[in-house]
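Produce the entire structure from the sequences given, and follow the hints as far as they go.
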Amino acid sequence: MEQSILLFLLYADICLIIGFYMYIRKMRKLIGFHLGMNMSMVMGGMAALLFGIMLITHMPFHFTYITLLSAIIGGAVGAWFGLLIDYQTFVTGLTNGLIVGLMAPMIGTVLEMQMLFVWFLHAFFIGSLGVLFISIKRA
Amino acid sequence: MLLIILLFMWCVGEILINYRVVRKKRLLFEDRFTKTICMAIASISSFATALYFELLLPEDQIATYLLPVLLGVFIGWQFGSLIKAPASLNGLYNGVIGGVMGMMLGAVLKNPALCNIPLDSNSMIASNLFTITIFIAFSHSLVCFFIRRSMRG
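Going down the list, the protein sequences come from chains A and B.
Anchor point for the first sequence: position 12 equals 12 in the working numbering, and the numbering is continuous, going up by one each time.
Anchor point for the second sequence: position 147 equals 147 in the working numbering, and the numbering is continuous, going up by one each time.
None of these hints come from the bench; they were simulated from the model.
Glycine included, every Cβ here is placed at the ideal spot set by N, Cα and C.
A hint or two may mislead.
To be verified - Listed below are several chain A residues computed to face chain B (Cβ distance under 10 Å; list not exhaustive): (1) I5; (2) F8; (3) A12; (4) F61; (5) T67; (6) L84; (7) V91; (8) T95; (9) N96; (10) L98; (11) L102; (12) P105; (13) V110.
Stated by the list, open to error - Each computed DSS-like pair below joins lysine-lysine, with the alpha-carbon atoms no more than 30 Å apart: (14) B:K35 - A:K29; (15) A:K26 - B:K35; (16) B:K35 - A:K137.
Right, dumping it as structure tokens:
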């Protein structure tokens with residue numbers, strides 16, 4: 001049961017990230033570089049954190065590959081969101097995603113109550129998406 | 001160990017090349033570019049250097065846990081103080097973060113039982129260590145390449 005909930009949450013995260021990317025691509029004329037820099041940092045770091053912790057909870061015996069995979073995913077998502085604005089947001093998002101992605105599976109292995117932490121992390125993710133949404137609306 | 005020494009020399013070479021390029025062009029920067037450069041370069045360089053230092057030093061002495069963090073602080077301070085005073089604070093902060101994180105990752109790679117990671121045989125620990133260090137060297141040179149490329153234009 002837990003494993004299927006984890007896979008469903010992973011799928012929902014991928015859909016949320018892609019949907020938010022589409023929304024920002026439509027609104028990118030309104031976004032200045034300051035908000036763009038914060039946006040690429042938040043999205044790269046959150047994607048790396050979510051993927052690292054959920055993959056290490058799902059498959060606890062593959063620490064090496066999950067570290068590499070979550071670092072690559074975090075850097076790629078940060079770079080992908082940063083490329084919408086300009087070159088410097090791209091460098092910022094790439095670096096932040098890489099650093100957070102190297103650290104995330106280590107947090108996942110020391111946890112005691114993993115499902116509770118995963119749910120808390122999703123509440124945090126939805127909250128940060130809401131804050132970004134409000135600040136895009138006001139910009 | 002020979003591989004880690006080679007990767008360490010590669011990393012120091014990258015940092016010195018970047019330092020020279022930034023020093024040569026430091027009068028051309030604006031504020032935002034300064035912030036981006038300091039953040040990217042200080043965090044990833046001090047992360048990689050602290051990781052290699054932690055892996056190369058012998059275990060369980062006070063220098064093993066103190067020296068990588070001090071090295072991270074030093075790298076961040078050097079890169080920050082090249083340019084302007086507010087950038088010095090930014091570089092110092094990111095250097096401290098990178099140094100502490102690199103020390104933590106190095107300690108976990110040397111002894112995976114610290115984090116309840118189920119790797120117990122010596123050969124698996126060694127292969128894990130080499131894969132992750134090679135990946136970090138690759139990502140460090142990728143970020144350095146992007147930074148040098150941004151200064152060319």
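Now for the hints, and whether the structure bears them out:
The closest approach between the C-beta of I5 (chain A) and any C-beta of chain B is roughly 22 Å, which is over the 10 Å cut-off, so the hint fails. Evaluation of the F8 (chain A) hint against chain B yields a violated restraint, the C-beta minimum of about 26 Å exceeding 10 Å. Interface restraint check for A12 (chain A): the shortest CB-CB distance to chain B comes to about 28 Å, outside 10 Å, so the restraint is violated. A distance limit of 10 Å between C-beta atoms decides the matter here; for F61 (chain A) the minimum to chain B is near 6 Å, and the interface restraint holds.
Because the beta carbon of T67 (chain A) sits about 6 Å from the nearest beta carbon in chain B, less than 10 Å, this interface hint is met. The beta carbon of L84 (chain A) comes no nearer than 16 Å to any beta carbon in chain B, farther than 10 Å, and the hint placing it at the interface is violated. A distance limit of 10 Å between C-beta atoms decides the matter here; for V91 (chain A) the minimum to chain B is near 5 Å, and the interface restraint holds. Because the beta carbon of T95 (chain A) sits about 4 Å from the nearest beta carbon in chain B, less than 10 Å, this interface hint is met.
Because the smallest distance between the Cβ of N96 (chain A) and any Cβ of chain B comes to about 8 Å, under 10 Å, the interface hint for this residue holds. Interface hint status for L98 (chain A): upheld, as the beta-carbon distance to the closest one in chain B is roughly 5 Å, under 10 Å. For L102 (chain A), the suggested interface contact is upheld, since its CB lies about 7 Å from the closest CB of chain B, less than 10 Å. Nearest Cβ of chain B to the Cβ of P105 (chain A): about 9 Å, under the 10 Å cut. The hint holds.
Look at V110 (chain A): its Cβ gets to within about 5 Å of chain B, closer than 10 Å, so that hint holds up. Only pairs whose Cα atoms come within 30 Å are accepted, and K35 (chain B) paired with K29 (chain A) is accepted, the gap being roughly 23 Å. Of the pairs offered as hints, the one joining K26 (chain A) and K35 (chain B) holds, with about 28 Å between alpha carbons and a cut-off of 30 Å not exceeded. For the proposed pair K35 (chain B) and K137 (chain A), the alpha carbon gap of about 26 Å is at most 30 Å, so the pair holds.
Hint compliance for this structure: hints 1, 2, 3, 6 are broken, all remaining hints hold.
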